[in-house]
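So the chains spell out like this:
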Amino acid sequence: MKEKVTIVLFLSIIYGFFLFNFIMKDEELSFEERRHLKQFPEITISKVLDGSAIKEFETYTLDQFPFRNNFRGLKANVEYSMFQKLDNNGIYIKNNKIFKIEYPLKETNVELFTKKVNQIYDKYLQGMNVYYMVIPDKNYYLEDEHLKMDYDKLYKLIKENTKELSYIEVRDLLSLEHYYDTDTHWRQEKIIPVARRLEEKMIGNASNHQYEFQDYKPFYGVYYGQAAIGGKGEKLTFLTNKAIEHAYVENKSDSSFHGVYHLKELGKMDSYNVFLSGSTPFITIQNKENKSGKELVIFRDSFASSLTPLLIESYSKITLIDLRYMGASKLNEVITFEDQDVLFLYSTMVINESVMLKD
Amino acid sequence: MLFSSISFLYYFLPLLLFCYFLVPNRWKNIVLLISSLFFYFYGEQLHIWILLLSCFMNYLLGIVVEKSNHKKVILVVTIAINLGLLGYFKYTDFFIDNMNTIFQTEFGLLKVVMPIGISFFTFQTLSYVVDVYRGTVKANRNFLDFATYVCLFPQLVAGPIVRYKDVAEELKSRKHTMTGFETGIRRFIIGLSKKVLLANVIGELSVILLEANEASIIGFWVIALSYTLQIYFDFSGYSDMAIGLGNMFGFHFLENFNYPLIAKSITDFWRRWHISLSSWLRDYVYIPLGGNRVSELKWIRNILVVWFLTGFWHGAAWNFIIWGIYFALILVLEKKIYGKFLEKHRIFRHFYTVLLVLISFVIFNISSINDGILFFKNMFGLGGLPLLTVETSYYIRSYIVVLVIALIASTPIFTNMFHKLKQKKGFNLFLNGIEPFYYVALLLIVTAFLIDSSFNPFLYFRF
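Heads up: the protein sequence lines correspond to chains L and E, in order. Numbers 1114 to 1472, taken from our numbering, label the letters of the first sequence in order. Numbers 47 to 509, taken from our numbering, label the letters of the second sequence in order.
Please note: incorrect hints may appear among the correct ones.
[Claimed, not checked] In silico DSS-like links for lysine-lysine, alpha-carbon gap of 27 angstroms or less:
#1 E:K157 - L:K1168
#2 E:K471 - L:K1117
#3 E:K74 - L:K1117
#4 E:K470 - L:K1115
#5 L:K1355 - L:K1407
#6 E:K468 - L:K1117
#7 L:K1228 - L:K1272
#8 L:K1117 - E:K470
#9 E:K468 - L:K1115
#10 L:K1404 - L:K1314
#11 L:K1160 - E:K157
#12 E:K344 - E:K118
#13 L:K1115 - E:K471
#14 E:K466 - L:K1115
#15 L:K1303 - L:K1330
#16 E:K211 - E:K113
#17 E:K221 - L:K1117
[Claimed, not checked] Per the computed footprint, the stretches of chain L lying under chain E, defined by three or more beta-carbons under 8 angstroms from a beta-carbon of chain E, are:
#18 1124 to 1130
#19 1253 to 1264
Calculated from the structure, these hints are not laboratory results. Using N, Cα and C, we set each Cβ at its ideal position, and we do this for glycine too.
So here's chain E without its partners, still in its complex pose:
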């Protein structure tokens, strides 16, 4: 089920809120678990057993790791089982395909269907068992609470990757306040609007320009910009919705995005983009490998390993691996060669970051290496295309307001302006008066867009 669907907004959510707030506190996790399983089953009928298996297995392994005298062995087994499941469902065909290419074999593809959200819940359960092993958290003996954590529908299928230690207390007992509920509503509607009014609309533009009969160089640059904005608003919108829904049910998930498109460098970009994934890989891969407290060569190896995994986590395809390695190389260069130079040149560093991010999301979106080469040729004027055509000019003009809104919304300008105005007495009263209606208007507009368009998948469900 998608958050940005009529079935979620006007069937699932009202029913769930009714049941959730009707029952006493001790039953609230049961309501959340049942509804989360229904939510998952609605989108993934065949493979729900994998989610249940993962819950049950990691619940037991957590207890065993805590109690066992052979913690390391149990941990290795846990990692092997979890990554084995992920590897089988996500990467089997990729490996077979590449093996066939390299060794000229003809093994048939298994056409394994990847369960929705497996990348997210595998990383969540892995972090739980590792944290139990490290003694950072105690193993949860209450299966209901643990299953609620793993299956919790706001973050189940597209993140953010919530670590057990961040919600352990709230799983046992949490406060439900009017402020929390209202904050959740606002955050949820903002996320919903990012997804439906910006990501989807900009996504239309990239499709139109890519399929244009009269393509142009500027058109390809706008596609690159559209890809970046679309992915940003799609994913950060989903994270906002997850965080907002969490708030409504008394949970506090950590932030996942912090205006990445205003980053001063690629290093800074990755401190702001998909924070839950990069911090997960930092804590469970990079630091255990030695982090930066090792020789230079080993540090470069660590960086390459982490960014290879970042890319590969996003999808079983070479473009994702190249995407990860691309960032690894830039991070090494920033650290060792021109990081200081960037610090001194404010305008240049922003231009530099945006350009490299645009290029990265072209790599992220391509379906084959050849497509990528052609795309870059067209972008840089080597594809024989005119600078601008009537068709691309028309569509750029048609979408220019949305693009400008999206560009501004990708910076903290709106938020800062809003907070500054709120500090002025008269404005504060006025803004407080209109704010609820603003959110309601957004919700109705989103509903209107959903009704007008029935195809609306989230990009991050692929990963």
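Looking at chain L on its own, in the form it has when it is part of the complex:
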């Protein structure tokens, strides 16, 4: 009896998935992993003989395996529960919040970052009001056994090497609750104090702008898919008011004009792109209701996408420059630096991988 059961179960599984492989339609995209999935390869004699068709087929079988995400979840659960691993592929979960190990501190990358900032300062920004803020990733606020980079050293290195810039502290304004549970980023509704501090330091006084809160559910952050453990999505809140609604956003990369929030992005692969349409090299935001003529230029990563809307009322124009997608050497072709306030706003994660910033 036992023999029969073993054989039947084994054959059911291998033939079951064999059939599923043929019956189930191949997926184009994996929302969980935020990438394109391998499609059935083109089979030609030359590709078979050089082995490339076989390699591609191997990738295809993995990418298109039926119930792929459920299997990834099973693996994660075995790692966490059976093997008691502290992380799975660098992802770990604490109190229903998902984290990714950011380790070690890459000192050469931090120095490279400060070198790039100084180069930009020397070339374009001398004599201007230039500030910088370093946003800690959420591991910074987790006190436990997991590996994390030496944040003190990172801050020290940056401070030591950016003497010409004014440092604005943010760490005292944040805690774990300020970040999404399933994503790297901070929650816009929680960072109003950050915006006020920036105004206080750059303009001289903090405003008292009021906002309406709009919620979207369910939001699945970037770590949600990587963790593969399922669960409910969370709430994404975006703040709006008259100035934000009337702001005029121009995306120079495709010469498109639109609002501050890209509501079409909600429910797509990365709902965080609702904030200023996500990663893009060069954006200007005009606020015609602010007649001061004051301008702000932000060199930034994606954390700025949700922070910038909270600064719109205080400036006539804000320019966002993402050096991950455009080189610093060509800045004078797209912007003239005069008397704008300038802010370098980067997270520790990007600073630690600063090779991604273009020269």
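Chain E: place on chain L using the hints.
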């Protein structure tokens, strides 16, 4: 094609089983041969002709050796051709490189690509012709059966080294029973789990610790332990899968591992580790050289020759040669100096064996002599490293459960416990009830690990 791949588990195997059990018995070897050639071609497109050549050549040489009046000459020719092929594809660049170093010459390397599994099928075909020469087996006149033996996919690319005489009868006719098929399934899944859930996961740990930013002395000891466990579970897992697949298709291959990490000495270790290789070298090299029935000096020579070949068979690099000679020296010392002492000290002898095995697999894994020296310096506290760092401590804690499972699984504790429980009536019923589901769960977990990780080569494909 890897056994531990989706393409094998969920495409190749279901199709093969369907075709194999659909056709009448007389066609089963044809199905196995065609599928084995496809299996080989899937991983080795360029050099499949070498496998076919080896089949055809040794098939003819076997018949000629049997019939010829100049058996010895034919045998020498056979050995020369087989070892010539192996030597060319596996060792040419090694010799050129060393010649350049010794004689300060500048001959260019030929960059010869080694066909997968050549070390295994060369030893199989050699043993066949030698056995025909010795009269132990009759030459096979059926090319289809002979080619099926050489190309049989379960053992083709990474062993065990199956001798013709052990499967000769089953090549002609074999029984397919439900018990055999079920035994094969269980054995295959156990092997698959050893490879994917233990060897691969422990392999990750050794890579992480070796590349650690803050290395430590304990970290290096854990790397040495990880190497040993990884190689053991990788290779014994593959052997289990091969034996299991053999069972599913009606073959009975000999065991290749017998819990080597519980050995009482290095001599005992080699009775339990890669049995098919050590017994091959014993029967076809050691004993023909005179074995231990010769003078002491000649015996030492025989030991050195056999262990040099053991090391060199594993790879064309000096670390493998040193690895082999290292074991030769220990075996001589055990036999002549302290073997009796080991017999009397149970705890010490186990500690001694494990330590020497750990060191051996460090030698096995190093990529250069300098790397090896540095590794041992770090291991023994001469590399200026701290005892433990935050980073190595984190990863050791993270992998500690897997390491403990692997250590226990490398002993017969689980198996003994299982058999003892089975002898109790109530437990027997319970275990019989859950056993099939246990194997299915393992298969699904292995599938999950495979899907999560696409890079999964077998270590023993290198040899």
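Which numbered conditions among the earlier hints are violated in the structure presented, ordered from lowest to highest? none
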